[in-house]
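Participant: Read off the chains here:
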Amino acid sequence: MDTQEEVIVYARPDSLTKTNTHYCPGCTHGVAHHLIAEVIDEMGLRERTIGVASVGCSVFAYNYMNFDFVQAPHGRAPAMATGVKRVFPDKVVLTYQGDGDLASIGMAEIVHAAARGENISVFFLNNANYGMTGGQMAPTTLPGQKTTSSPSGRDVETQGYPIRASELLATLDGASYVVRRSLHDPKNIRLAKKAIRTAFEVQLRGLGFSMVELLSTCPTNWEMTPQNSLKWLEEHMIPYYPLGDYKVNPAVAEIKG
Amino acid sequence: MTRELWKGNNAIAEAAVRAGCAAYFGYPITPQTELLEYMSARMPQLGRAFVQAESELAAINMVYGAACTGTRVMSSSSSPGVSLMMEGVSYIAGTEIPAVLVDVMRGGPGLGNIAPAQSDYNQIVHGGGHGDYNLIVLAPSSVQESVDLTVLAFDLAEKYRSICVVLLDGSIGQMMEPAEMPPFQPLRTEYPEWAVTGAKDRERRFLSSIYLDPPQEEAANLRMLRRWQEVQANEIRYKTYYMEDAKFAVIGFGSSGRVALTAVRAARAEGIPVGLLRPITLNPFPEKVVEDLAKQVEGILVVEMNSGQMLEDIRRIAKGAAPVEFFARLGGIVPLPDEVLDEIRRLAKGPLTLEGHPRDRWLARMGTLN
Chain Z
6 MDTQEEVIVY ARPDSLTKTN THYCPGCTHG VAHHLIAEVI DEMGLRERTI
56 GVASVGCSVF AYNYMNFDFV QAPHGRAPAM ATGVKRVFPD KVVLTYQGDG
106 DLASIGMAEI VHAAARGENI SVFFLNNANY GMTGGQMAPT TLPGQKTTSS
156 PSGRDVETQG YPIRASELLA TLDGASYVVR RSLHDPKNIR LAKKAIRTAF
206 EVQLRGLGFS MVELLSTCPT NWEMTPQNSL KWLEEHMIPY YPLGDYKVNP
256 AVAEIKG
Chain G
557 MTRELWKGNN AIAEAAVRAG CAAYFGYPIT PQTELLEYMS ARMPQLGRAF
607 VQAESELAAI NMVYGAACTG TRVMSSSSSP GVSLMMEGVS YIAGTEIPAV
657 LVDVMRGGPG LGNIAPAQSD YNQIVHGGGH GDYNLIVLAP SSVQESVDLT
707 VLAFDLAEKY RSICVVLLDG SIGQMMEPAE MPPFQPLRTE YPEWAVTGAK
757 DRERRFLSSI YLDPPQEEAA NLRMLRRWQE VQANEIRYKT YYMEDAKFAV
807 IGFGSSGRVA LTAVRAARAE GIPVGLLRPI TLNPFPEKVV EDLAKQVEGI
857 LVVEMNSGQM LEDIRRIAKG AAPVEFFARL GGIVPLPDEV LDEIRRLAKG
907 PLTLEGHPRD RWLARMGTLN
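Sequence order for the protein chains is Z and G. Count along the first sequence from 1, add 5, and you get the number used in the numbering used here. Count along the second sequence from 1, add 556, and you get the number used in the numbering used here.
I should point out that these hints are in silico values taken from the structure, not numbers from a laboratory. Among the hints, erroneous ones may be present.
What the hints assert, rightly or not - Distance condition first, Cα-Cα at most 25 Å in a straight line; then the derived DSS-like pairs of lysine-lysine: (1) Z:K199 with Z:K236; (2) Z:K96 with Z:K198; (3) G:K756 with Z:K96; (4) G:K756 with Z:K23.
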C-alpha cells in the first residue's frame, strides 16, 4: 500500500496563544485575531511586533496574541502606540480597537495619529455597538438601530448620525492606507487578510499610517443567531459602510501590485 | 562644568536630556511652554523622540507607551493640563512603570491664570487620578535645585517603577538663575526584564493595569504599597535652616519656602529665634521631622501659595504638640518676604492657641487685606 506524507494545510498560527477566548459564539473578533496572527506568522514579524490592546471586548487581545503587548486606556491606543513606535522605530506596532474606542472616546487620538502619519497599523473592528458593556449605542450604530441606550432605535434628530471613520481618516495627508473590509463570508475574509498584509507592508516600508476597518458582528448584543448576524451585516452595514479602498497612496499602490 | 544663566523651564529640559531622557511628549501650556519648545529643538538634534501631542491626554498616553519599553521618558505641563493627564497617571501607576512628569503650577481652579501657584499639592501629593497609588513628588525652590531634582526624578522613577513628579510653581519655571548642568549620561541600550521590546528569544510579555480578578488586584495593590514603604524608608528629603536653637518654625516648600527663608533671616536679625523647614519630597513627606519639630518649638507657621493644602498634613502630623498658624497668598500671587516677616513677628509675640483652625484665623486677617 502506498503511504502518503501528511501535509498540514491549516494550523493555529504561532502568533496566537493556545488559550480559549472569552468572545461570544459567532463573534468575528476570533476571525480578525486569526487573520492578524496568520499574517504576522507569514511575514515573520512575531518577534518584533508590539501590540496595543484597547478597551472594549478586545481588551484581552493580549491574552490571545502570542507576542509582546501593552494595554491602553479607552481610546488612547494610537497615542500609546505612538510612544512605543517613536522609541522603537524598527518594531512593528499595531493597535486593535473597536468602534466605541476608536470613533468615540478615542477620536482625537486616531485623527492625530493619522495626521502625523504615525508609522503604525490600526485594526479597527466595527460592530455598530458597544459590545463589552452590553450593547449600547456606538458612534457607528446605524440610524434606527435598536441598542440598550437607543431602545426605540437610533433617532438621528437627537442622537446624531453614524461616523464613517475610514472615509474621515482618508482625508488626512498623513494616512497612507485606509480601507474597509468585512468578515461576513469567506471571500471577504480573504480580502481582509490581504488588506492586513498590505497594512504591515506599509509600516515596514515606513510609508506612514495604515488602517484596516473590519465590519464585524455582535450576535449576543444584536440578539441574533451568528448566521443571521452575518446576514444583517451584509444587508444593513455594508450599504451604510461601503467596502473599498479609501486611501491608497501611490507608493502603497506599488506594493499591492 | 561652569555655572551658566538658565531659565527654569529650559534648565529642567536640558537636565532631562543629560539624564538620558530618550523620549519627550508634551503640549503647550503657560507657564511651562519653554520646556516643550526647548525639547522640540534639542531632542531631534540628538536623534531622540519628540512629539507635540494633540492634547495632554494624548501626551501622557504617549509617555505610557514609551515607558512600557523601559526607556527614560518624560512629559511636562501646568495645572489644567496636569488635570487632563490624570487618566494616564493612574494607568502608568497601575502598570508599575517609570516615568517623569514636571508640573509647573499656575493659579486655579479652572482656567485660573498663568501666574505662580502651589495649588496642585493635593492633586499630586494626595492623588488626583482614580485608584490607590502614590507618586514620588519633588519640590525644588531654585533653578539649580530643579536641575538636580530632575536628574534624581529619573533615577527614583526607575528604582521604584513609579511616576516621579517634579512639582514647581510658575515663578521657578520662568525665572533665570545661574545653574550648573549635570554630566551627560549615555542613553540606555539595555532594557529592564519587564519591558516590552518584542518577544525575541523569550516568552511574550504584556504590560497592563487590569486585574479583573479582585484577589489579583488586591495583590497588586499590596505590592505597590510595600514598594511605597521602601520609598518612605529611603527617599525622604528636606532642608532645615536655623533650626538648632529655634523656638518657632516656618514650614514651606518650593517658592514659599524660599520666600520664607528670606523672612526667617530678617527675623533672626531682629533676634527672633525662628528656623525653617523646607520639605523637598512632598511625597513621601518628612513626617518624623515635622513630628519632632512640633515637640521642639512653641509655634509653627505654615506658608503656602494655596489655601492650606499642606497645612492639613502639618496639622495631622503635629497632633497638637505645637500651635500652628497659617499664611498664604492665592490666585497666582507670590507672598512677599515682608508679609511673611510680619507673620513671624506675630507668631513670636503670641498669644498662640491650639483652638480653632489656623485657616479661619488667616482668612479673617485676609479680610482686612482685601
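Participant: So, for every hint listed, does it hold in this structure?
Facilitator: Here is what the structure says about each hint:
1. This hinted pair checks out: K199 (chain Z) and K236 (chain Z) have alpha carbons roughly 23 Å apart, not beyond 25 Å.
2. Straight-line distance between C-alpha atoms of K96 (chain Z) and K198 (chain Z) comes to about 21 Å, which keeps the hinted pair within the 25 Å bound.
3. Our distance criterion of 25 Å between C-alpha atoms is met by K756 (chain G) and K96 (chain Z), whose separation comes to about 11 Å.
4. Between K756 (chain G) and K23 (chain Z) the CA atoms are separated by roughly 19 Å; this keeps the pair inside 25 Å, and the hint holds.
The earlier numbered hints are all upheld by this structure, with none contradicted.
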